[in-house]
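The chain contents come next:
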Amino acid sequence: MVHAAEGTLQAYLDGEIDSAAERALRDHVDACASCAAELETLQRVNGVVRESLALIETPVPMLRARAAIAREQNARHRRVARIGAWGLAKAAMLTLLLAGVAAAAIPDVRRALETTFSRVVAMFSGAQERTADAPVQPQIVDPGADVVRGESFVAPVDGRVRIVLNVPAEGSVEVIVRIIDGAQAHVETATTGTESRRVGPGRLELSGLGAGSVTIGVPRGVANAAIEVDGAVRVFKRDGSLHGSDGAARGSEVRFMIGS
Amino acid sequence: MEFDAVFETLYPSLFRYLQRLTGDEDVAEDIAQESFVRLLKQTLPEDEIRPWLFTVAMNLVRDRARKNERRHRLLISAPELVTRIPLPDEDMERTERIASVRAVLGRLPERDRQILLMREEGFKYDEIAGVIGVAPASVGTLIARALKKFVTEYEAREVSDGSRG
Ligand SMILES: [Zn+2]
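Residue numbers (this note's numbering), protein chains in the order written: chain L, 294 to 553; chain C, 828 to 992.
Hints are computed from structural coordinates only; laboratory data are not their basis.
The structure presented is a predicted model; accordingly, all values stated were derived computationally and were not measured.
Be a bit skeptical, because a hint or two may be false.
Calculated cross-link-like contacts (lysine to aspartate or glutamate; reagent style DMTMM-like; alpha-carbon spacing at most 25 Å) [to be verified]:
id	chain 1	residue 1	chain 2	residue 2
1	C	K975	C	E948
2	C	K975	L	E546
3	C	K976	L	D539
If you want the ones that stay clear, here's a sample from chain C, every Cβ over 10 Å from chain L, calculated [to be verified]:
id	residue
4	L871
5	K894
6	R929
7	T968
All C-beta atoms in this analysis are idealised placements derived from N, C-alpha and C, irrespective of residue type, glycine included.
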């Protein structure tokens, strides 16, 4: 009897063989102790590796990459716009030539030139002002006031919540983290920036903060919560208590400053 | 698919892959970002985007390693240093296990690491084959052998840790 190859058994576990081959393989494994044992070994090592790799998973920092991509996209839009503007400039020169030929029709030529010129200007300024594909949607609660207030709730996923803060470009922000009652994490902001936020399953990311304060309520019932600043955990919750980044327990309220 | 949708879908996967592969979050972030900037200039069929990204990223990992031999050696020899968050006592065992996983992964041949980590990100065999340049039919065998290598090393380490402590 021909035994199943190690690679075939692995492909079977990964769902990479077709159904006819799968049936034949299953029949063989049912009748062959040696292949059954090999399959069991593979199942075990697959399990060990899956579990091991899950252990070294870290939070994915998206913000910097989003910003870099947006910058690159804007630069590309500008390059495209410049080529377009050059095309129009050539059209304007052609119009001038035509103007030389048909000198009698000066008012028309002038109007044509003016139109072209304004289109060139629009093209350039349009490209410069463009913040195309901005990665985050600003949610300015009160655009009239200096201090902008925002409020968000984050539902835990699998007993976990993550709040990600990005250090403000200017000014300093006091961050207050408290354990609260209730099922959802609660994040209140009052800063001078044009705050933007991004919500994902069990997580909230805030950026564009100005000077002011951010108050984060972590639900008592959440098993695992982390407050991250620029990619590093500053405060986390375990066993009903908040801990600093040094691991020391800090009770039910922690305050710290971020920014300059 | 729009570029932004591709980014939101594939960036986390590429970052995770690179972070586990190199053991260095900063390197992973730089390279994942650079790979997507390069993707902006490409026009690719949708099903080729993922293998393309992972291939470009792997080339960037190798470029960086060549340019910075010494740093690379440091990374490979001490990937445990990357663990950032000191944990409470009850998580000490977990911390040690994380260090073991990083160390064992760091000692696997590069291709084995790539194979295991791409599969972990849900790559199909033909995608893995495309990235590492082998026949799709050989991927099952390569995965099985890499898995066994990992587990043998990992368990040998646990036994030696246990006898010390
Ligand atoms: Zn058999």
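ask   = Which numbered hints are broken by the structure, listed smallest first?
value = Result: hints 2, 3, 6 and 7 break, sorted rising.
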